[in-house]
Structure formats: structure tokens, C-alpha cells
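Undergrad: Residue numbers (the numbering used here), protein chains in the order written: chain A, 1 to 298; chain B, 1 to 137.
FYI, nobody ran anything at the bench for these hints, they're computed from the structure.
Backbone N, C-alpha and C define an ideal beta-carbon position, used for all residues, glycine too.
Just to be clear, a hint being listed does not mean it is correct.
Computed footprint of chain A on chain B, listed as stretches where at least three residues anywhere in the stretch have a Cβ under 8 Å from a Cβ of chain A [what the hints assert, rightly or not]:
1) 15 to 24
2) 61 to 67
3) 72 to 78
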Amino acid sequence: MTGHGDLLRELTPQVLAALVRRYGHFDIAEDAVQEALLAAAQQWPAGVPDDPKAWLITVASRRLTDLLRSESARQRRESAWLPPSQHAPSTDDSLVLLFLCCHPSLSPSSQIALTLRAVGGLTTAEIARAFLVPEATMTRRIGRAKQTVKASGVPFGLPADDRLPVVLHVLYLIFNEGYAGPGRVELTAEAIRLARMVRRLRPDDAEVAGLLALMLLTDARRPARTGPYGELVAMADQDRNLWHAKDIAEGIDLVTAAWTREFPFQETRGYGTRPSAAAICHASGCQGPAARYQGPGT
Amino acid sequence: MKYLILAYGSQRDYDAMAGRPTDGGPSWTPQDFEAMGTYMEKLNNDLAESGELVETRGLTAPVHARRLRQQDGAMVVTDGPYAEAEEVLAGYWVVECDSYDRATEIATRLFHVPGPVGAGADVVIDIRPVAESRHEL
Numbered sequence: 001m002t003g004h005g006d007l008l009r010e011l012t013p014q015v016l017a018a019l020v021r022r023y024g025h026f027d028i029a030e031d032a033v034q035e036a037l038l039a040a041a042q043q044w045p046a047g048v049p050d051d052p053k054a055w056l057i058t059v060a061s062r063r064l065t066d067l068l069r070s071e072s073a074r075q076r077r078e079s080a081w082l083p084p085s086q087h088a089p090s091t092d093d094s095l096v097l098l099f100l101c102c103h104p105s106l107s108p109s110s111q112i113a114l115t116l117r118a119v120g121g122l123t124t125a126e127i128a129r130a131f132l133v134p135e136a137t138m139t140r141r142i143g144r145a146k147q148t149v150k151a152s153g154v155p156f157g158l159p160a161d162d163r164l165p166v167v168l169h170v171l172y173l174i175f176n177e178g179y180a181g182p183g184r185v186e187l188t189a190e191a192i193r194l195a196r197m198v199r200r201l202r203p204d205d206a207e208v209a210g211l212l213a214l215m216l217l218t219d220a221r222r223p224a225r226t227g228p229y230g231e232l233v234a235m236a237d238q239d240r241n242l243w244h245a246k247d248i249a250e251g252i253d254l255v256t257a258a259w260t261r262e263f264p265f266q267e268t269r270g271y272g273t274r275p276s277a278a279a280i281c282h283a284s285g286c287q288g289p290a291a292r293y294q295g296p297g298t
Numbered sequence: 001m002k003y004l005i006l007a008y009g010s011q012r013d014y015d016a017m018a019g020r021p022t023d024g025g026p027s028w029t030p031q032d033f034e035a036m037g038t039y040m041e042k043l044n045n046d047l048a049e050s051g052e053l054v055e056t057r058g059l060t061a062p063v064h065a066r067r068l069r070q071q072d073g074a075m076v077v078t079d080g081p082y083a084e085a086e087e088v089l090a091g092y093w094v095v096e097c098d099s100y101d102r103a104t105e106i107a108t109r110l111f112h113v114p115g116p117v118g119a120g121a122d123v124v125i126d127i128r129p130v131a132e133s134r135h136e137l
């Protein structure tokens, strides 16, 4: 996906949602979108279409028809009809997809894998590489996850339960996976990208802001976190000139703004804002010997 | 007087039109498909110009159909309920014209849709007078 990767990943949930809204079949539509992404990666270098999203929807729709054709030859698809608890406005499509991927009957590892593929637009091979498992293992994991979502008979709509905390937890796990080891930076970047997306959809949610802040503040210290031999450098010994000042400023702004809206130390939630409060302390240097962090060179 | 003109097609016909391989059926090229589109546009434009066209729509492939029914009081959905060769509604026209014969004349144009050899050989078109009120039922 080099070259158009960012655009394709941004469009992935929109295209998938458009397909599922129009035709249903979350599991097969997801495969169809992946194939459309692949076609785009092959064809767009010769020229990006005028309306990339419409192009992807058209190609994915055709692939969906093809896939349904081969599927329906094998089995008759019959299921109980469950009306959606709420019809989500189409502006919430990416959130609906995140809720589907974070279905409560899925294990965390399945939720993560499905989220990265269906919402993040990563290929199975990329996800397998990030989690250091064979591609075949990841293929089976994602396949089973989609079967579970499909078997649950969920319609395309906002679930009755508030699943946002689960979504945030999944994004946090993705971030941690990326942060845990060198060479997996793409997962932290992806977690931050998805957290930004959720924040666009839920701009007033303090937990979302808190989680994004936590990710930004933590990731900002990455360059200083390890020495030349990959050894961990303690916070007090880190060269703060290496920290990403822009991310730190953004993270602090987010948490500060969130605090003014919601008391941060609630026992029931507090998933994002509390740790980011700690991260602010670190980023602003109040636990270390150095003065309050003012940005590199100060 | 309003008439509904109904055109039918099977999933196999849709597959053929999309250029997918079908066993024994005619195979459409993109040029064939374009020629068909141009013919249909001309037909629809003519009807719009004469003021007879109320509405016309083509339907997506039968594989996308959903059938809803009740089973022991619960709603059951079947996706793609049709057999491959089953002829189902593929498109329709609502025309408003002076007589049943004029509506029939319009419908005959659907037998001249261009396509590859063998396509359309077994085409059937239905024409149904639309009830103007429930008293006509």
C-alpha cells in the first residue's frame, strides 16, 4: 500500500460501512473491501481516480457480488431477523464498525485483529507480522472473529450496550503492542490514528480525549526511551531534547480540556484520563530532577 | 392510465452481463454491456420526451435479495433466496399512456435490446395495469 496507504486506510472504514449499510454481509463485505484495497494499490499508481471513495465502493461491490455468488452456491444463508436497537446516522459508520469489531463475544486478540483489518485497513499479512505470528494463524483468527460477529446476527447499527470502553481498551492494547518492542512502531501509529478517528466522532468524550493524550504523551518519549544498544533509559536520564514537543503539547491540551468537562478520577471510568494525568506529570517533568518540560532546547 | 412493465432475469443472466463465466450461456463483453446501456437510455429518453415515463428502475443482482418470512412467530431472513436459473424481477417501468395497446407497444422495444448471440432468446415481459384505487382490485 505504499504511496496511497494513508488515503486507503482512511477510506477503508467508510467503504466497508457503505457496503454493509447497502447490502449487509459484514463478513463477506470485509473481504470484498480488502480485495478492492489491493486492486487500488495495484492500479492507482497509474493514476488515482477522481473520486477514490466511489471507485473503491464500486470495485468492492462487484467483488461482494462475486464472493456472494460462490458463497451462496455452498450454503443457503438463513438467519433470525434482529432489528437494530438504534439506527446509527451514517456519520457514525466508523464507530459502528469499531463496535462490531469489539463484539463482546470476541477475545481481545480477535477484537484487535479484526479492528486492525476492518477499520484500520491493514492486510492480514501486515497484522500477522506486527504480532509476530504466522499469516495462516492470523487468517484463521480473523476468519473466526468474522464468523462470530456474523453468527451473533447483529444488524448494522449502534449496539444497545455502551461499547465505547471496550473500543478504547482495544485501541490501548494495540498501542501497547506497538510500544512493547522495537520494529512495531506501526501499531502505535495505527492506534493513535484510530484514537484520533474516535475523537472526531466523539469529540466531547473525556475518556477518548484522555486515551489519545496518553498515547501521544507516551509515544512522544519514544526516541529517548532506548539507548544506542536498545537498552531502556530511565526517565530521569532521558535526553528530553529527543522528545516530540508537538505531541506533548497536544496531549497536555487534550487532558486539560477533558478535565474541565469531566471530573477525571471517577472509579467507574477513569480509564484514559487518570493514566494520562500521570503521563502529563512525566512529560512535564514533575517526577524527575529536571525542571518542567518546556520543549527541546529550553 | 398507468401500466407496470416488468422485465425478468436470473442470477445467471446477471453473471453473464457482468462478464462472469456461465456454463453454456452467452458471454457479454464490456462493449455488449455498453451497447445495451445506450439502447436503454434511448428508450427511457424517448418515453420521458413523450411524457409517458413515470419511473424506471433496474434492480441489483438476485444474490443480494433478502426474503423475509415468519416462522413460529419469529422473523426469519433468507439472503439470496433464489435458485441460480430462477427468473426474478430485474427491472421495471411505470408508464402512463392512453391505452393498454400503447403500453404493449412500448414493451415490445425490450425485445430489441442489443446483446451477444443467444442473449434474450427466452425473454418474457409482463405488462400489468396499475389499479387507480382499491375499488379496482
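Undergrad: Each hint needs a verdict: does it hold in this structure or not?
TA: Quick rundown of the hints versus the structure:
no., hint, in the structure
1, 15 to 24, "holds (count 3)"
2, 61 to 67, "holds (count 4)"
3, 72 to 78, "holds (count 5)"
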